[in-house]
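S.K.: Letter by letter, the chains look like this.
Number of protein chains: 4
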Amino acid sequence: MIRVAVCGATGYTALELIKILLRHPQVQITAVTSRQEGSPSISSVHQSLTGRLNLRCEDLSPEQIGERADVAFCCLPHGASTAVIPKILATGCKVIDLSADYRLSDPAVYEEWYGEVHTDPTRLGRTVYGLPELFASKIPGSELIANPGCYTSTSILALAPLLAAKLIEPTGIIIDAKSGVSGAGRTPKLNTLYSECNEALSAYSVGKHRHTPEIEQVLGDVSGQKVQVIFTPHLIPMDRGMMATIYPRLTRKATQAELLQVMRDFYANKPFIRVVEHLPSTKDSAFTNFCDLTVRFCREQLIVIACLDNLLKGASGVAVQNFNLLCGFDETTALLPA
Amino acid sequence: MIRVAVCGATGYTALELIKILLRHPQVQITAVTSRQEGSPSISSVHQSLTGRLNLRCEDLSPEQIGERADVAFCCLPHGASTAVIPKILATGCKVIDLSADYRLSDPAVYEEWYGEVHTDPTRLGRTVYGLPELFASKIPGSELIANPGCYTSTSILALAPLLAAKLIEPTGIIIDAKSGVSGAGRTPKLNTLYSECNEALSAYSVGKHRHTPEIEQVLGDVSGQKVQVIFTPHLIPMDRGMMATIYPRLTRKATQAELLQVMRDFYANKPFIRVVEHLPSTKDSAFTNFCDLTVRFCREQLIVIACLDNLLKGASGVAVQNFNLLCGFDETTALLPA
Amino acid sequence: MIRVAVCGATGYTALELIKILLRHPQVQITAVTSRQEGSPSISSVHQSLTGRLNLRCEDLSPEQIGERADVAFCCLPHGASTAVIPKILATGCKVIDLSADYRLSDPAVYEEWYGEVHTDPTRLGRTVYGLPELFASKIPGSELIANPGCYTSTSILALAPLLAAKLIEPTGIIIDAKSGVSGAGRTPKLNTLYSECNEALSAYSVGKHRHTPEIEQVLGDVSGQKVQVIFTPHLIPMDRGMMATIYPRLTRKATQAELLQVMRDFYANKPFIRVVEHLPSTKDSAFTNFCDLTVRFCREQLIVIACLDNLLKGASGVAVQNFNLLCGFDETTALLPA
Amino acid sequence: MIRVAVCGATGYTALELIKILLRHPQVQITAVTSRQEGSPSISSVHQSLTGRLNLRCEDLSPEQIGERADVAFCCLPHGASTAVIPKILATGCKVIDLSADYRLSDPAVYEEWYGEVHTDPTRLGRTVYGLPELFASKIPGSELIANPGCYTSTSILALAPLLAAKLIEPTGIIIDAKSGVSGAGRTPKLNTLYSECNEALSAYSVGKHRHTPEIEQVLGDVSGQKVQVIFTPHLIPMDRGMMATIYPRLTRKATQAELLQVMRDFYANKPFIRVVEHLPSTKDSAFTNFCDLTVRFCREQLIVIACLDNLLKGASGVAVQNFNLLCGFDETTALLPA
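Chains as they are written, first to last, in my numbering: chain F, 201 to 538; chain U, 201 to 538; chain S, 201 to 538; chain C, 201 to 538.
Since the hints were derived computationally from the structure, they do not count as laboratory data. Possibly wrong hints are sitting among the right ones.
Since the list gives no way to pick one copy over another, a pair counts as held whenever it fits inside one copy or between any two copies.
[What the hints assert, rightly or not] With a straight-line cut-off of 25 Å between C-alpha atoms, the simulated PhoX-like cross-links for lysine-lysine are: (1) 453 with 426; (2) 287 with 389; (3) 408 with 453; (4) 470 with 389; (5) 287 with 453; (6) 470 with 366.
As the structure is a prediction and not an experimental result, all values here were calculated from the model.
Whole structure, please, built from the sequences with the hints as guidance.
M.R.: Right under this line is the structure:
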């Protein structure tokens, strides 16, 4: 049994993570942490866990976490991870970090997009980017895995096969992305109130969303070219689900059938990628770790469509997928059958 | 033209109020107030007002409000109204208060339910309760009108005809009430986040909701008996709309047709009450000032159903209805046609 | 491995059933049936099953079903089950029927509420009612199990402990019930269109919902008294989840703590019942087979609250729970951890 | 008073139209038609109209419509309009057609996209396209007005100023469009059921949506160039609201401020166009006849964003705007204040 800690357990990704880990036959959750006063039980923080996990949310030090767990999932806010992760790693405990803190390889890019100097820059560029469909081989043996962002995974999984095959231009790729509201987190804010989001649709962070450099970095790594995307996120009045409608420019003529085949070949034996012929709904992959991909043409314009569950394949599901690879379990343990 | 101020302009009731007042041919909105820093334009606080109202949210003193306006609508939080209303009234400006501060007639009852000593107790019991279907005659000439709560109006409008006619027992009346989320206000809180409310249904404040004494007081006044209700509110995943499913005990045998006729007679010439034969949906009255009422039987048990828009007939619509009566305008001005 | 058929595979309960069965280590789904033309693949009927189940929806005869399967789950519309189930049973295949056809024990009651003469009346009264928390001992060895209705299970699970203990009066029990829209099925109808249900709340079938006699029959069996309920269902704008807010009359004084303990004792060792102290949200049990129960008082009035997922604990989850008991598997197989 | 008929009164656009017309001081609704059996009252077809309009839905002939009305609004399905409109026009009654039947100027284009030969081709090309912000001068005196489609108006209003000023390339314009579900009509279909649309997001009709040629035709007319768009519609889980996120290629360098000014100048004195600096939400214009427009840059890529209410500015609101211009009333009558 692997002893697992969930750090920052009060948010939605932590909740989904805990639910998956409870189904994992090789996992014992030994600690859940938060800075809330009074060490509330996890089931008072997340009522849905009543009767399912009998632990208190403790304000543990990194050292205590390392003592209690073999692997720690960090669900802390961006910026908070670097404060604790080096100390957890120092205890020999491995870490899967769901924040953005270790995703970018260049500290200057981090500073540009996050507005702060990175406090653990030597680990940037050396930390594996936890998108197993691309980097599975690098995961076993890692001490730290940077779990990808939700928009990032959606965009990368849609584009990687076509960029790797040089079938599309690496620049000017328009990504019109749409996310359910759970992606915005559980901290009360005006713009995520029910009465603001419900019956409402809007774009946000246009031209400055922090997943942009992450998408470009990973797609650049995959294709060996400088990639540049036009990324526009929208908030959709639904809990879960994410969709990217992507408009790349082809480098040569190609058919829908040909491109679908390129995708199928690229993702052969990847259990969570479904290359489909129909137009997927986000509901098809909601509450699963699947990512649905397809392509269409409108006149000569290629359109790539990707759907996944932002909290699962976009966060906690892929985190467990990474955990499985890290620990030598089957990649699908606790994730399939969905 | 009546000069009107809207105090506490950042919430949802204030927004709806402003929209109605903009349609009112006899109204000029001369002030909107809030304590926000920097006097933001009302259209930056409520984007939907862009191009519709060109005013800044100012942090005005009660005296300044009284100078600028003939009538002030107070949309302040419960407890904050008593701090400013006496001073506004002192300037000769009339006030329609959308908070609960002046609704109860007994300071002891106020203290019991609100946990605070009332700071303007001499006005309790002398302030008209602004439910025009019952108290229209008392409104003209008032300096202060206590605008009713949304659950309160829904429950009272449903029950008043039957209690007044002594057709139902005054005690043990079960009111199973359901409200859209906008009724919970615009202050960011965990329990009104989209991801908490959406795809979720729950009861709340069971046995202790503050609209309880208000319902009992007014129904007692209407029927000359001590009324006691069992009031259970539920939060429904929708923006707007409120429904009460009410289970009273009949004092004698009666038919559906007879009871509907009692209701129709009671509300004859009341333009906003629709006694209907079908089962109403909250959507039928959403975005209007109508209240839909019907009755059904399940075996011998009477069931009274009432629907209205919690922000309009339950708050800002009835406030303008009160305003119309106060100022001598037709009761339906700016409210009908809906 | 148990060979399983899902009959009537195009609806929502069938979809959820298939998803659970795919997680069941002892199940092989060998047939999915529907009367759709052209034997479409199940993944074209339910896109979410793409890559998860590779079967065609066939229009199989009862005999063919019996040949292919050891157990058949019938998700046919009410009335259609009796046409095929006797023939399936004749082949030796066992049946779990999710329709209402075999739930009532009295053919006359069936005829009264369903408006049709029952065509297989000799099985009524002899068929086990598949609510395992009450009738688990009768399930092993049965050839046919009548899987309960969703409103029915919610109401019965909430009331059985109190009625069995004679703590509440058996008549005049007010059940104000609320259901997500998925309970209304997948056949296109005006009243289940998105634009009709969204941002809308309404009561329906007041005084005549068909789950009424089912609730009364089972609660009568449990408590040895004639039970009579006032049942009012409401449609809530959400996919999944069901809540009953129940107002029974106590037979004697009792405290909240005492009643919660009665419930806990009644459901000791029942893995899917959570007697909780907080007010449950339907979201807490959504996508699980749990039923959350609590009690509150409003003045002297007892209020019992029950929440469950209408498609799982209210339909397909409990069906698999029955299946597990029928086949001698652990009751929680494929259902827990949730 | 203008006598008005609403033909095809059972759908959502008809309902919204009737609500607006009831607020119009110069309108008397004299007929509402449908082919439903038994001439149901309009308030039984649309419960929300109870007490607001006392008419029956009659199955009137075109001649009867012409006799009863001065202006007929046709809310019939595409294809059905051409069967009745010529006969209504023959009576001297004017027609505002909300279907697509008279929007395209070229019968061959109609046939290509609608799959049928147009049965009244001589009126194509001669019928005014009822987008008043562009064609207001042609509307007075017309006998027939082709009311625009919702996606069409959204796209055209966003792009017309920039195309007219030759600031963007006329081809390859990517329009990623999102619509609330009410745009899909009130006829029961699987894909517009609540349980299919709720918590779901999908693209549909990719590469073949019928609003495509309409957008291209009108933008071509406006700018004197052949325009070609890549149009991708998405279904959003909300009742009302439409948004287009548009990615055109600039013909020369330009700033956000400059482009906003071009838009403001183009729409000077257009009361329903709001060129805004903030990122609009569809909720800002919901239940109004406003269209909100803005522009952003993501790197060098221009992004134009347009929001409106698909049933109002996208259908029935603009229809009344056309009606006002047709009859010589102020363009904003019954539409402003919103």
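S.K.: Check residue 470 against residue 389 for me: Cα-Cα at most 25 Å, and say if that holds within a copy, between copies, both or neither.
M.R.: neither (38 Å within a copy, 35 Å between copies)
S.K.: Given a CA cutoff of 25 Å, do residue 453 and residue 426 count as a within-copy pair, a between-copy pair, both, or neither?
M.R.: both (22 Å within a copy, 23 Å between copies)
S.K.: At 25 Å max between alpha carbons, let me know whether residue 287 reaches residue 389 within a copy, between copies, both or neither.
M.R.: neither (31 Å within a copy, 33 Å between copies)
S.K.: Could you figure out if residue 470 and residue 366 sit no more than 25 Å apart (CA to CA) within one copy, between two copies, both or neither?
M.R.: Within one copy only: 21 Å inside, 48 Å across.
S.K.: Can you give me the call for residue 287 and residue 453, within, between, both or neither, at a CA distance of at most 25 Å?
M.R.: neither (52 Å within a copy, 50 Å between copies)
S.K.: If the cutoff is 25 Å on CA atoms, where do residue 408 and residue 453 land: within, between, both or neither? Let me know, please.
M.R.: between (32 Å within a copy, 20 Å between copies)
Hints 2, 4, 5 from the list above are not met by this structure, while the remaining hints are.
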